[in-house]
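*Asks:* These protein sequence lines map, in sequence, to chains A and B.
Note that my numbering numbers the first sequence so that position 14 is 14, with each residue one more than the last.
Note that my numbering numbers the second sequence so that position 155 is 155, with each residue one more than the last.
Rather than coming from a laboratory, the hints here were simulated on the basis of the structure.
For every residue, glycine included, the Cβ atom is placed at its ideal position computed from N, Cα and C.
Take the hints with a grain of salt, since some may be wrong.
Here are the in silico distance ranges between beta carbons for each label pair [claimed, not checked]:
| id | chain 1 | residue 1 | chain 2 | residue 2 | range |
| --- | --- | --- | --- | --- | --- |
| 1 | A | 236 | B | 150 | 25 to 35 Å |
| 2 | A | 407 | B | 135 | 21 to 31 Å |
| 3 | A | 181 | B | 55 | 51 to 61 Å |
| 4 | A | 49 | B | 217 | 43 to 53 Å |
| 5 | A | 32 | B | 149 | 20 to 30 Å |
| 6 | A | 49 | B | 160 | 57 to 67 Å |
Computed from the model, here is a short list of chain B residues facing chain A with C-beta under 7 Å [to be verified]:
| id | residue |
| --- | --- |
| 7 | 49 |
| 8 | 119 |
| 9 | 139 |
| 10 | 181 |
Listed below, chain by chain, are the residues.
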Amino acid sequence: MKNITRRTIITFFLAAILLAGTFFFVGRLFMDGSSWVSLSANTHIYSNGILKSGTLLDRDGEVLASSNQGNWTFADNATTRRALLHTVGIPQGTISTGAITKFAGKLAGYNFITGAKHLGTSGNNLYLTVDADVCDTAYQALGNYKGTVGVYNYETGEIICLVSTPTYDPANPPAISVEDPAYEGVYVNRFLSSKFIPGSTFKLVTLYAALEEIPDIRSRTFHCEGSVQIGDQLITCTGAHGDLTLEQALNVSCNCAFGQIAEMIGGKKLAKYAEAAGLTDSYSVNGIATKASSFGFDSKDSGDIAWAGVGQGKDLVNPCAMMVYMGAIANGGKTAVPQIISKVTLPGGLKTSIYLHKKTEPLITEESASIIAEYMKSNVVNNYGESRFPGLDIYGKTGTAQVDSAEVSNSWFVGFIRNENAPYAFVVYAEGGGSGVSTAAKIANTVLQAAVARD
Amino acid sequence: MTFFVVLSWYLRDLKRVVKLRHAVAALTCVLLCASLVFGTITNGAQNWIHIMGMSIQPSELAKVCFIFAGAASLERLFKKRNFWGFMGLSFFCFGALALMSDFGTCAIFFVTFLVIAFLRSGDFATLSLICCSAIAALVLLLKFKPYIAARFSIWGHAWDDVSGAGYQQVRTMSAAASGGLIGVGSGEGWLHRIAAANTDLVFGMICEEWGLIIGLLAILGIASLSIFTFRVVKSGRSSYYVIASCAAVSMLVFQTMLNVFGSLDMFPLTGVTFPFVSCGGSSMLASWGLLAFVKAADTRQGASFAVKKVKFKNKKKPFRPGQEPQSVDDFFEEVLEGSDAEYPPLGRDAAEPEPGTGFNDMDDFLSDLEFLFDNKGGKR
């Protein structure tokens with residue numbers, strides 16, 4: 001009997017689980033309540049699936065979109081409307097990563113205390129970190145290319161520029177047919193939600209692995225005859241580069257050299273470094289999950305590994321993750337996690353929430369980061385030409401990604417600039433842009449000049 | 001309510017209970033069989049019976065009977081026959097509920113079974129063996145019942161499929177968040193338009209319309225029953241009451257867990273009710289019935305009608321946890337006036353209530369709480 005009485009403690013055990021679980025729920029509610037509220041079935045803040053209230057502004061207070069009882073109006077400037085279509089989103093929710101869709105709870109004025117009931121009358125003002133003028137410039141620089149431009153401050157994480165094309169004017173939406181190649185993936189934010197063949201930009205990851213895994217790699221020389229047989233694959237180069245140091249191999253982006261390096265390192269370790277560089281992670285940009293990159297390092301054929309090591313084959317990289325990696329190189333390890341929300345205020349201007357700047361895990365060792373940065377500078381000086389980037393202390397790497405189905409290659413340019421007032425890392429991707437130097441680097445320069453000028 | 005009073009009164013005398021235990025065990029089986037034979041399938045589970053325009057869920061009533069009979073059969077000492085009888089009854093229940101595809105209730109029965117078995121034996125080895133076989137059974141179940149497997153596969157990922165398998169969970173979460181701390185107001189919510197909102201998803205509805213504070217208090221109400229039980233069984237009259245009350249509270253607590261966490265995507269959604277809160281007569285009846293077991297273990301003078309009254313009214317209001325309305329107490333006393341005092345009041349392990357057993361005021365309660373936490377540390 002006494003034993004039984006003592007054993008009744010088990011009811012406490014169950015009650016404790018109940019309370020612990022409840023506590024956990026309250027914690028989740030506190031953290032994620034705003035995104036829960038954003039569910040489009042929530043008629044407290046939506047009517048017929050359209051968000052009832054809220055105003056989106058850029059970092060300088062330029063209105064990007066605003067709702068009055070569910071009637072949405074967009075920016076006055078047509079270029080801004082097109083440039084920021086994917087960042088702002090549309091009320092119908094078709095662009096799933098758009099701010100209108102993702103931050104509906106914040107726009108409507110959700111808070112933990114009163115829930116979806118707004119304290120004021122007309123929703124909150126949500127200031128994004130993007131600069132509408134820089135985005136306009138980026139949109140115009142991209143021209144007719146499908147692609148994306150992303151620029152962010154690697155010290156604070158603020159995304160200054162986020163443009164994805166193709167796009168359209170949300171104030172006058174055209175009839176879009178699914179098959180129309182001109183609108184291929186028009187509802188997808190290419191910066192956040194896509195992944196593409198990285199081409200030579202991925203050599204910055206292979207280089208990282210080489211610096212860590214092969215101690216004397218910097219004193220070694222490589223020989224390029226224009227092509228080399230590795231495993232079952234013939235790795236080809238744009239030309240015969242002859243004898244090269246590691247730095248020179250990166251300058252001319254020699255596939256043969258990096259193919260051999262990749263073979264030396266091996267698929268398993270390369271995969272490890274791609275992961276360490278944060279590429280296989282999905283970042284949370286104020287709750288918007290980015291697409292994780294994927295790689296072809298699990299092949300048994302060393303030829304496949306070599307192609308994967310130079311950023312071809314099955315490699316697919318998310319532009320945002322690549323940009324963050326650039327930030328890590330610039331910062332020598334940890335970098336800021338990208339953010340898109342600057343602040344949220346009541347219509348009167350009172351701030352309702354605080355957005356702390358968060359840092360990533362160390363994505364790269366300090367030593368490797370400084371060597372890679374040095375080589376990226378050398379790329380600009382020795383290969384691309386500093387005159388292409390007047391006034392910018394720029395570090396970069398181009399990529400020319402070949403896609404089997406397309407005749408023209410896709411153009412990449414990734415890197416960062418050092419500038420006390422404008423510490424920006426960037427990624428530019430233009431489908432069918434040809435070589436990285438000719439197209440993407442040019443776009444990057446135009447955008448960065450505008451970004452630096454704004455400060 | 002009436003059920004509660006009648007059952008509590010009936011439970012006063014252990015002899016009556018023991019006499020009836022075989023009948024009640026049989027009734028458990030009959031109820032479950034009735035579901036199996038006459039039940040209609042709603043939301044995948046065959047647990048409703050429609051009679052003369054009324055729909056009842058016999059498995060709810062079977063819960064009460066299960067504890068009634070289960071605790072009684074174990075009370076009859078360590079006789080092997082009793083033990084196997086209880087095992088047989090339990091496995092019959094699991095089997096019948098599994099056949100009905102009512103796996104939420106099945107889980108509740110299982111946990112209650114474990115609690116009763118633990119109280120009786122205190123043997124962790126046997127219990128873990130039982131748990132292992134239960135897990136094996138679950139794996140098999142997932143293989144053969146795609147409807148259950150689907151619920152398991154969405155578990156934890158409700159937001160990945162907001163219009164499909166996660167439909168109810170994400171709406172519960174969204175509505176619960178919309179209420180804030182104080183709620184949007186009764187009837188002002190939208191979750192009530194979703195199927196099963198007033199039963200399976202009721203926690204979301206409370207949070208939306210009445211606010212998080214009320215929602216948490218509802219959970220706390222159930223959880224506090226465990227403190228009540230722990231306290232009253234100390235002066236326990238008989239191991240029957242101890243086991244029955246403990247099993248009943250465990251059942252209520254676990255059911256609350258399944259309901260709340262299931263609707264919030266922290267458990268697989270199983271479709272059980274929130275005791276005393278969810279809509280539904282059978283569920284309400286069962287909840288009061290279970291509460292009767294708790295009350296029956298209460299031996300405080302003047303506060304309990306479960307024991308024969310020795311002394312009259314205690315002026316101070318007794319501590320009263322959970323959902324019991326205040327007026328109940330007065331009501332009991334009226335019932336007691338006419339009740340039969342001839343029966344011997346206490347069971348086999350009868351003991352006079354020790355002085356100071358009841359929570360006569362808040363201080364008592366608090367000091368008891370302190371004592372209780374000391375106890376938890378294992379010092380005594």
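*Asks:* Work down the list of hints and note, for each, if the structure agrees.
*Replies:* Here's how the hints hold up against the structure:
| no. | hint | result |
| --- | --- | --- |
| 1 | 236(A) x 150(B): 25 to 35 Å | violated (49 Å) |
| 2 | 407(A) x 135(B): 21 to 31 Å | violated (57 Å) |
| 3 | 181(A) x 55(B): 51 to 61 Å | holds (57 Å) |
| 4 | 49(A) x 217(B): 43 to 53 Å | violated (34 Å) |
| 5 | 32(A) x 149(B): 20 to 30 Å | holds (27 Å) |
| 6 | 49(A) x 160(B): 57 to 67 Å | violated (20 Å) |
| 7 | 49 | violated (30 Å) |
| 8 | 119 | holds (5 Å) |
| 9 | 139 | violated (23 Å) |
| 10 | 181 | holds (5 Å) |
When held up to the earlier numbered hints, the structure conflicts with 1, 2, 4, 6, 7 and 9 and fits the remainder.
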